[in-house]
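Chemist: The residues making up each chain are set out below.
There are 2 protein chains.
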Amino acid sequence: MNQTVAVVLSGCGVYDGSEITEAVGVVIALSQAGLRYTFYAPDRAQMHVVDHAHGQESSETRNILSEAARIARGEIRPLAELDAAQHCAIVFPGGFGAAKNLTTFVKDGADAVLYDDVRAAVRPFVQQQKPVVALCAAPLVQGLIARDEGLSGVRITFGSYAEGQTMAAALASWGQSHVETPVDQACVDVAHRFVSAPAYMYGAATPAEVFASCQAAVAALKSLLS
Amino acid sequence: MNQTVAVVLSGCGVYDGSEITEAVGVVIALSQAGLRYTFYAPDRAQMHVVDHAHGQESSETRNILSEAARIARGEIRPLAELDAAQHCAIVFPGGFGAAKNLTTFVKDGADAVLYDDVRAAVRPFVQQQKPVVALCAAPLVQGLIARDEGLSGVRITFGSYAEGQTMAAALASWGQSHVETPVDQACVDVAHRFVSAPAYMYGAATPAEVFASCQAAVAALKSLLS
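From first to last, the protein sequence lines are chains A and B. Each residue of the first sequence is one higher than the one before, starting from 1 at the first, in our numbering. Each residue of the second sequence is one higher than the one before, starting from 227 at the first, in our numbering.
Keep in mind the hints are simulated off the structure, nothing from the lab. On a predicted model such as this, the values are computed, not experimentally measured, just so you know.
If we take Cβ atoms under 8 Å as the criterion, some of the chain B residues that face chain A in the derived model are:
1. Gly239
2. Gly251
3. Ser257
4. His278
5. Arg296
6. Thr432
Backbone N, C-alpha and C define an ideal beta-carbon position, used for all residues, glycine too.
Generate coordinates for the entire structure from the input sequences, incorporating the hints supplied.
Modeler: Next comes the structure, spelled out in structure tokens:
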């Protein structure tokens, strides 16, 4: 418990980066639980930029690390510098950034892969049995690293089948198991030390419910660390 | 209590817009308290854009509304459309955006003014004795509207004198009273129906403490509304 948790962001904003309520919610929950953390993000261009007021793709280019630093108040490091030996767990908040900037899921669907820097960052946690936590759409990272490491039947949630159908189907094709989970609970695979929670996978969730999802994930993480 | 709270954002990121933990924290607290809310932001350019990873001003231009929409998940309206008759209270999260995009404080110090759209939005709340809530640096808006409406001695906090010295001094020059307040409490001027809370005015505050600040402000607001 004297190591910090690595929190990996994918930008700043639900439609092209990290979902902000989830990123902040998980950090408040970590802070309330007495767990220290360090932010990381890939130091490369976002897949694209979406004007969140008008729902339109913009012609801008933005750097994932620079945008994620808005959530982190400047205290963030390039993902390539993440050393698993310095951390007790790794956490991925959700948002489309998980499907656009951490994995190629938006482009490739069930044929998606992890970006190389993401695979390099998360693999040692899986190999060393350190907890891997993910919210909302970010369990895509869990499903892909489980597949890539030859695991099968790992229990992971995208909320309900109705809300997470495309991702749950892909997860099954990668050999893992989707588990329906209410918004205020976490899905815990104790054997594999994977924690996932739905948060805004339930599109009608309130901020209080999303925060409850974050708290459930952090409580499960703390239990695995104790 | 059947009206919603207006939450006014000034961008997305502490150094050129709304402080993200405060914006999310106050919305989680409103949601936990059963208070509905609507987001607003000025539909004009930010004063400037800061790369939060490297602490440098960038040559980009960004629109306050489009950036604030990242926090609001797209559900946000231009500040010019804010009709006080539809709202029971108005809330301003902090961040340098309050000093750069809502007021001219960063440019003008104690000679600062409210931007016209901000003054037009907040004035009816003061005139109709509806609560005005502000966090961190955003009580600048409270101090300026109090001055502009001819009020004096309104009790407002920027945390401690040590942390908020420049703003507390300006507040005094505007005829209002600075009240030292711990991070997990709110400063409430019951007569004027102003609520302020320090949040990240304490630079070393943890996310849990900032969230406690948000909850204290919302509890005070709820008390004023009951």
